[in-house]
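A.B. asks: Required output: the full structure, derived from the provided sequences and hints.
4 protein chains.
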Amino acid sequence: MAKSNVSTKLLRGLYSVGRSDSSVRIVISFILSVPSFQDPLDMEDQLSEEEISIRDTARDFCREYLAPRVLELTEQRLDKSVLPAMGSVGLLGPTIQGYGCAGVNYVSYGLIAREIERHHRLGLPFNRFGAVFPVMHPINTFGTEAQKQKYLPALAKGELIGCFGLTEPNHGSDPAGMDTTAEETSGGFDIFIIWARCKWDGKVRGFILEKGLRGLSALKISNKLALRASTTGSIFMDNVKVSLDALMPGAIGLGAAFSCLNSARYGISWGVMGALESCLVQAQQYALERHQFKRPLASFQLVQKKLADAHTEIALGLQASLRVGRLKDAGRAVPEMISIVKRNNCGKALHHARVLLDILGGNAAADEYHIGRHAGNLQVTNTYEGTFDIHTLILGKAITGVQAFS
Amino acid sequence: MAKSNVSTKLLRGLYSVGRSDSSVRIVISFILSVPSFQDPLDMEDQLSEEEISIRDTARDFCREYLAPRVLELTEQRLDKSVLPAMGSVGLLGPTIQGYGCAGVNYVSYGLIAREIERHHRLGLPFNRFGAVFPVMHPINTFGTEAQKQKYLPALAKGELIGCFGLTEPNHGSDPAGMDTTAEETSGGFDIFIIWARCKWDGKVRGFILEKGLRGLSALKISNKLALRASTTGSIFMDNVKVSLDALMPGAIGLGAAFSCLNSARYGISWGVMGALESCLVQAQQYALERHQFKRPLASFQLVQKKLADAHTEIALGLQASLRVGRLKDAGRAVPEMISIVKRNNCGKALHHARVLLDILGGNAAADEYHIGRHAGNLQVTNTYEGTFDIHTLILGKAITGVQAFS
Amino acid sequence: MAKSNVSTKLLRGLYSVGRSDSSVRIVISFILSVPSFQDPLDMEDQLSEEEISIRDTARDFCREYLAPRVLELTEQRLDKSVLPAMGSVGLLGPTIQGYGCAGVNYVSYGLIAREIERHHRLGLPFNRFGAVFPVMHPINTFGTEAQKQKYLPALAKGELIGCFGLTEPNHGSDPAGMDTTAEETSGGFDIFIIWARCKWDGKVRGFILEKGLRGLSALKISNKLALRASTTGSIFMDNVKVSLDALMPGAIGLGAAFSCLNSARYGISWGVMGALESCLVQAQQYALERHQFKRPLASFQLVQKKLADAHTEIALGLQASLRVGRLKDAGRAVPEMISIVKRNNCGKALHHARVLLDILGGNAAADEYHIGRHAGNLQVTNTYEGTFDIHTLILGKAITGVQAFS
Amino acid sequence: MAKSNVSTKLLRGLYSVGRSDSSVRIVISFILSVPSFQDPLDMEDQLSEEEISIRDTARDFCREYLAPRVLELTEQRLDKSVLPAMGSVGLLGPTIQGYGCAGVNYVSYGLIAREIERHHRLGLPFNRFGAVFPVMHPINTFGTEAQKQKYLPALAKGELIGCFGLTEPNHGSDPAGMDTTAEETSGGFDIFIIWARCKWDGKVRGFILEKGLRGLSALKISNKLALRASTTGSIFMDNVKVSLDALMPGAIGLGAAFSCLNSARYGISWGVMGALESCLVQAQQYALERHQFKRPLASFQLVQKKLADAHTEIALGLQASLRVGRLKDAGRAVPEMISIVKRNNCGKALHHARVLLDILGGNAAADEYHIGRHAGNLQVTNTYEGTFDIHTLILGKAITGVQAFS
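For the protein sequence lines, the chains are A, B, C and D, in the order given. Straight run, no breaks: the first sequence in this note's numbering ends on number 406. Straight run, no breaks: the second sequence in this note's numbering ends on number 812. Straight run, no breaks: the third sequence in this note's numbering ends on number 1218. Straight run, no breaks: the fourth sequence in this note's numbering ends on number 1624.
Derived by calculation from the structure, the hints in this document are not laboratory data. Fair warning: this is a prediction, and the values are worked out from it, not measured in the lab. Even for Gly, the Cβ is constructed at its ideal location relative to N, Cα and C. Be aware that one or more of the hints could be misleading.
Unchecked claim - DEER-style ranges, computed between Cβ atoms:
1. Arg-1107/C / His-291/A: 17 to 23 Å
2. Trp-1012/C / Glu-1586/D: 36 to 42 Å
3. Lys-609/B / Ser-1624/D: 30 to 36 Å
4. Phe-1048/C / Glu-1377/D: 45 to 51 Å
C.D. replies: Encoded structure:
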C-alpha cells in the first residue's frame, strides 16, 4: 500500500464535499500539511492492505454512486435502485461466507459502515444497510441450507428486502398481546424475520415469513423528524399460518435473537463515527470560510473547543471499535464489549454532532450543511438497537453483578 | 383571584393535550394531588390578577383556536388566518400603547409567549409572533406619528406582515456588499425594516421599505429540519430607491437596531420555557403510560433524573424571566440581564428537550409526541437573536470588562 | 434605602477580599462601572430595608471578625471563640422567636448563610452555623417549655454545642442494629438530638440526650480532604438510660425528624451560592491579573465562558432561593420546593466552583486563592442533608407519583 | 503466557486492595465470573510477554512495597527511601538505554505509570516518578557524554533528585523578569534543569545547575489541597554563575524544552487512567457493600450509570494511550497525538473520579475510600504539563490551521 496515495484519496474525498472556489482550495492544501486531522491516531497503519482496499471500494461507491443521488433519494427509489447497486459491489451482508456474499472480516464490515455514513449523510442507505444485517445474519446462522439458498443470494443482491421483528420481552408470555415493531419499506417487505414464543414448549423461536401470508400486514409510522426518507413500521400478525419450513431450526431462545442485533450494533458503532467525521469536516470548513468580527469563526476559542472535542472522540471511538472488530474476528468478542462501543459511540456522536451544529449558527437548520440531518439521524441511532440507558444497565450489571432493570 | 379555579384551568389545559382514554385520566387526577408539578415555585401567586387574566386569554386562544389547527397548518394558512386571529385577541405587539395594541406590561408579554409555545408545539405561530415584535417595536419607538398611524394598527391586526433585516456588522463599512438576512413569509412581506449605514454621515439608520419597491426582493431558504412550516429568507436590495418618509427619524445607530432585538430576546426567554414545559408534560405522560420490564418507565431512576432536571430548570428559568420582566416594566432592565435569561433559557430548554426526547426511545422521531419537534425548533431558537456563544461573550465582557470577540 | 450607598458597601466588601496593590485597585474601579456583575438581577431591590440591614450586619461580622481569623482557625478555637462571637450578633438559630434568638424571617436567614459562606471560605463556621439549626429547630418546635428554656438561650449564645443524630431508615425496624451518624465536635457535644423507634408503639420519637450519660459516646472520623478543620463522627449508644424529660413531646414520626433537616437544607441553598460567588470574584480577579501569551486570561473566550456560566447560575440560584424563602415566610413552602433549591444550588455550586478552579491552572491547589477549598467543601455539601441523587428521586416522585427508591 | 494465570494475578491484586472479610470475598468471586470488568477490551492480549512481565514487576513493587507505606509517607521519607527503592527495580527513567536505566519501550513506561497510580493512591510517588522524566530525558537527549555519565546513573538509582524549570514564554524576551516554577523537594534538589534565553544570540538553551550555586534558591509553596505530601515550589536565580559544562549542547530552542514535557505527558495519560481504575474498583466495592432502602447501592440505576460511564472511559482511554505508545515506539508519534491522550485522559479521569466520589455520599471526604484523594490529585494533573484548555487550542490549531492563543 502506498501511504501517500491513500492520503491523496482521502483528500480527494474531502474535496468533493466542499465547493470548488479558491478559498476552499486553500483550506484543503492546508489540511495536506496536517496529516493527523483526518486520521489522528494513524488508523490507516493498523489496517491490512485488504481492509484498506475494501474500505476504498466502499468509499468510491459512496462517493461516486450515492453522493450525487442522495439529496433526491426517496425511499421508493432507494429500494429499487440503490440496494441493488450496493449489492453489486458486495456491501450487503458482507461478512457472510458464500451465497453471493463478500465474506469479509468484521473490521472491514465496520469500515464499510463508516464510509456509508460518512459520505451520504442521509441516514437512509445506512439504515437499509444496517437493516439487512439482522435479516441475513439469522438466516445464515440459524437457517437450514434450503433457507440459505433461497434467501441469502437474493438479499445480497438487494433484490429481496427483509425486516426484523423481535417480540417485546414484556409481552413474552402472551403471544396474542405481543407488540412487534420492525423496519419496513414503503414497497412492503418481502420477508419478515419474526421471533415468537412457541406455545408448545414455551421457547422463543425465529421464523422467516414471506410477504403475502394471510393475516400478515405492516403499517407505516410516518416519521418526519429524522431518517425522513425512511419509515418505521409495525407488523401485525393475525393468526398467520406458516408451514414448518418457515422455522429456522437453530434460532431458539432470546439469546439467538439478540445475537442478530449484536452484530448490527457493532456496525452502528462504526457508522455513527463516520457520521460524526462528516460533521467535523463540514464544521471545520464552515468555520474557516465564515467570518465574524472580521476573523474566521475557526479562530474563536469557543469554536476550536467544539472541534477539538469531536475530533478526540472520533479518534477514541474508532480505536475502540477497531479493537472490538479485531476481537470479533478472533471469535473473542462478548456482548458487553459491543455495548461499550455501541453506547459510547452513539452517545458521543449524537452529542458532538449537536455541538458542531451550533457552529453553523443561523444556518444550522439549512440542509446544505448536512450536520443537522446527521444530528437527527443520530438521535434515532442512539435509541434503536438498545437505548443508551439500556446499554448503561447492561454494563452496570457486568460491572456490579446486580441487575437494575426491574 | 380564586386560586383553585386557576389550578383547575391549568389542569384542564393539560387534559386537552393528552388523550381521553382512562389510563390518562388516572394520570391527570394524580397530578391534581401534586399541585407543585406544574408550578413548582407557585409563580401563579407572583402574578397580578390582570396578568393572570391576560395569560388565561392567551391560553384559551391557543388551546381552542391554535391547537386543533396546528398539525395541518401550512405557512400560507398561517399568515392568512392565524395572524389575524392572534391579532383579534390582542396578541400582536401586545406591549405597545395605542394604535390598536393591547398595551400590556412585559410580564404579560412573557406569559403570552410562554402560552403560545406551550400549546401549539410547532414553532410556527411563535416564530410569527416573535417576528412581529422587531417590526412593530422600531416603528413605535423610532418612527414618526404618520408611520405609526400607517403601519401599527394593521400590523396589530395581523393584516400586514413585516420582517426585520439588520445589516451584518462585518460588512458594515461597505453597504454594497452587505448581507441581510430576515424572516419572510411565502406570501412575501408587506413591509421590511432595514438597517443600513448611510453614506452621507456614516451612521446606521433604520428604514421602513414597502413591498413592491423596484430592486427589492426576497428569496426563501428552504428549511426542512426545523420550523419546517416556516421559512427563513434573504432580502436582496439592488439600488432600491425610497423617499424620505421611509426613514424612521429616531432609528439612529446600531444601538437602536439592537434595542429591537432585546425585547424579542426577552420574549424568547419565556417562550422556550413554555416549550420545555410542554416537553416535560409529554415525557411525564409517556413515562407513566409506557411499560418496560413490567413496570412503567416513570419508575426508572434514569428516567426520573431526566424529568427532575428539566423540571428544576423550568422553575428557575421562569423565575429569572419573571424577575427580568418586572425590571423591564420598572424601566430598569439592562441588556446583560436579557442576555442572561435568553442564553440560559434557550440553552437549557434545548438541552433538556433533547434529554426528555430520549425517554421516548424508538418513538423519539414520531410526530405525535411533539418533543422532537420542540427540540428542533429550540435548536434554531438557541442560535437566532444572538447565538449562545455570542451571549457568553457579552456576559464575559460584563463580568471582566474585557472584550473577547475579536 | 439609598441605592448607591448599598452598591458602595457591596464594593467595599469586594475590596477587602482582594489585595491592596494598585493592579487590584484598577480591577475594582472597573467593577464599579459594571454594576450588574455582583448583583445581576438586582436582588438588592427585592429585599426589605430590614433584610438588608441584617445582611449587612452579618457581612460586617464575617469580614471584620471571621475573615482575619479564618486561616488559623482550628476546630477547638472555633467552638471556644467563634460560636460565642456568632451568637453575640444573633447569627445562631436566627429564625427562632424569643429565647435569646433574633427572630428574623427565612429570607434573612438565607442572607446570613450566604454571607458566612461568601466571606470566610473555610466551610467551618458555616458547618457549625448550619449544624446549630437541626438542634435548635426541633427543641423549639417539638420541645416542652422547660426544654426550650433550658437549652435554647445557651445554644443561641454559642455556649452549648449540639448535634443531630437521625436513625437510618433502613434499620428502622431493628433499634439494636441502627446506625446513627452525626456531626460532633472534638470537644464533645454537649447535647445530642437523637431519633429512635420506640419499642412500645413502634413510633419514631426525638430525644434530647446530654453529654455524660452512661453508654453514650462519640467517635470522630478523621476527615482530611475537606471541611478539614471540622470532623464528622459516629454516635454510639449502648443501653443509654434517659428520664422522660429527655423526650420532646411533639417530636413524633419521621416527618418531624425530616422537618428539622428541611430548614437546614433551605439555608444550605443560600450558603452554597455565597461560596460560588466568592469563587467567581476570586476567579475574575485572577483572570484579570494573570497574563498568558501577553494578554490577560480574562480575554480568553474559554475563560469568559467559565465565568459567564457561573455568573448565570448564581443569578438563577439566588432568585430561586429567595422565592422559596418568601414562600417559607408565608407558610407556603413544601418540601419539594426545598429539594429543588437544595439539589440545584449544591450541584451547580459544586460544578461551577470546579470549573472556575481550572482558571487557576497550576495554582489551583494553592490555598491562597480559596476556590479549591470551596470546591472541597461543596463536595461535602452536595451529599449531606440528602445527596443529589436522593433529591432527584424525591423530585421524580413528585413529578410522576412513582417511587423509585426501592 | 498462560492467560488464566494473568487473570488470577490481576484478581489477587484486587483482593489486596479490598478487605478480607467474607462479604468482600463474595464480591471478588463474582468478579471472577465477569472477566471483562477489569479489562473490558482485553488489553492483556495486546501486550507482549515482556510488557506484561514489566507491568507485573511494577505492580508487585507497588503492591508489596508502596501500598503498605503509602498512608504514612511524608515527603522526607519518600525521597530518602522510596525513590531508591523505585530505582532498584528500574522504575526511574525506564525508557533510557544504558546508564543504569531499564531501557524499556514506551508502552511499558505507560504500564508502569498506570500501576504506580493505580496502587498507591497518593499522587506522591507518581509525582516523583513523573518528575524524574523531564530531568533525565533532556540530559539523555541533549547532554554531553560526560553529563550523562555524571547524572543519569545516580538519577536512575534515586540517589539524586532533580527538577525542571522552564522559563515562562510570556517573559521570554526579558531574562531578568522571567518567572520560573518547578517541582522541588523539601530536602532541596540536587540538580535543576533550567531553560533560559541567552542574551548573546537570543536563543533558548537548557542548563544543568547543581545545588549550592551562589544565588540559586528554591521556595516551597505550601499546598494543602492535593498532592498534599508533596510540594510545589519556585526557583529563584539571582545572578547565578555557571561554567560552560552546565550547558547541554543539544538543548537549543523551546522545541527542545517542550520535547521533555511531551514524554511526561504521555506517561500522565496512562497514570490518570490507573487512578480512575482504582476509583472504579473502590466505588464498585462500596456500592456492593453499602445498602440503602434495603438494597445495595449497586442496584440503583443512578449508581450503575456512574460506574458504567467511568468504565467505558477507562476502556477507551487505555486503548488510545496504548495506540500512542505503539506509535511512539515506532518513532511516529507527533505532539498532537499526545495532546489528544493527555487532555482526554486527564479530563475524563478527573470528571469521572468526581462522579464516582458521589457514590460514597457522606463518606466522600473520608480518606479510607481513596477516591477523594485521587480526585484532588487529578485536579492538579489536569492542569500541569499544559492545562486542558491549552491542549484544546493546540488541537484546535491542528484541526483548523488557525492559532487562537493570542
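A.B. asks: Per the hint of 30 to 36 Å, is the separation of the Cβ atoms of Lys-609/B and Ser-1624/D within bounds?
C.D. replies: holds, 33 Å
A.B. asks: I want to verify a distance hint. Is the separation of the beta carbons of Trp-1012/C and Glu-1586/D within 36 to 42 Å?
C.D. replies: Hint holds: Cβ distance 39 Å, inside 36 to 42 Å.
A.B. asks: Between Phe-1048/C and Glu-1377/D, does the C-beta distance stay in 45 to 51 Å?
C.D. replies: Holds, at about 50 Å.
A.B. asks: If you check the beta carbons of Arg-1107/C and His-291/A, does the distance land in 17 to 23 Å?
C.D. replies: Since the Cβ atoms of Arg-1107/C and His-291/A sit about 21 Å apart, the hinted range of 17 to 23 Å holds.
When held up to the earlier numbered hints, the structure conflicts with none and fits them all.
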